[in-house]
Amino acid sequence: MATTAIHSSVAPHPVNVHVEPQLDHRDRLSVGIRIVLALPHLILVGGPLFLGWSWSSREAAGGYEWSTGGGALGAVAVVIAIIAWFAILFTGTYPEGLRQLAEYYLRWRVRAVAYLLLLRDEYPPFGEGRYPVTCEIAHVDGPRDRLAVGFRVILAIPHLVALWVLGIAVGVTTVVAWFAILLTGRFPAQLYTFAVGVLQWTTRVEAWLLLLHDGSPPFALH
Numbered sequence: 000m001a002t003t004a005i006h007s008s009v010a011p012h013p014v015n016v017h018v019e020p021q022l023d024h025r026d027r028l029s030v031g032i033r034i035v036l037a038l039p040h041l042i043l044v045g046g047p048l049f050l051g052w053s054w055s056s057r058e059a060a061g062g063y064e065w066s067t068g069g070g071a072l073g074a075v076a077v078v079i080a081i082i083a084w085f086a087i088l089f090t091g092t093y094p095e096g097l098r099q100l101a102e103y104y105l106r107w108r109v110r111a112v113a114y115l116l117l118l119r120d121e122y123p124p125f126g127e128g129r130y131p132v133t134c135e136i137a138h139v140d141g142p143r144d145r146l147a148v149g150f151r152v153i154l155a156i157p158h159l160v161a162l163w164v165l166g167i168a169v170g171v172t173t174v175v176a177w178f179a180i181l182l183t184g185r186f187p188a189q190l191y192t193f194a195v196g197v198l199q200w201t202t203r204v205e206a207w208l209l210l211l212h213d214g215s216p217p218f219a220l221h
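Following numbering that gives the first Met the number 0, the numbering of the sequence shown begins with 0 at its first residue and continues without gaps.
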């Protein structure tokens, strides 16, 4: 069946995810044991929201711990974002080497998450490499918006709440798609489009929190 690339957004934005669709003729064995196959990527760059988000009670502290499951490189990316936050506030620029490393992590993560969401059957490369899922990140030209950078985490709260809900929803639809593929060899088209949209929105918010751009992500899947 002839297919064309799904572009999960038509509005101009500095961060865009593109997925070459694979609805039919799926590798049922790969899909069946996908979580096992993806473990190395999960450890390094984390997985989808429904796998990464966790609440754990901390009785001694009387509170809760919230983790986004970004993997080992995700922890490095958080440190990079903190350093970049200070650098942008004081100098107005994002250190080039740190920016490249943050982009490297995000592109790798997008490919791994797409694989875990069953959007493709090809095994994603470790690091950079050709893959039918791509993440394009436009470089920021000119001075940065220091005020928006300074309050970035606060500004992102509405997106994080929305993505928490969508993360649960895409977890459910991925399980449904898993059964559908095993039984019919096909990923339901509407569920596929939904998963791509959630991946797009999530990636834009993660790039925004990593301070890779100042454009507020739209509240939209497509």
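Warning: the hint list may mix true and false statements.
Cβ pair distances, simulated, as ranges [said to hold, decoys possible]: (1) 82 / 38: 17 to 23 Å; (2) 129 / 31: 40 to 46 Å; (3) 149 / 192: 32 to 38 Å; (4) 147 / 221: 20 to 26 Å; (5) 141 / 184: 48 to 54 Å; (6) 126 / 78: 39 to 45 Å; (7) 185 / 74: 34 to 40 Å.
It should be emphasised that the hints constitute simulated quantities derived from the structure, not laboratory data.
None of the values given here were measured: they were computed from a predicted structure.
Idealized CB from N, CA, C, for every residue including glycine.
> Of the numbered hints stated previously, which ones are contradicted by the structure, given in increasing order?
Replying inline: 1, 2 and 6
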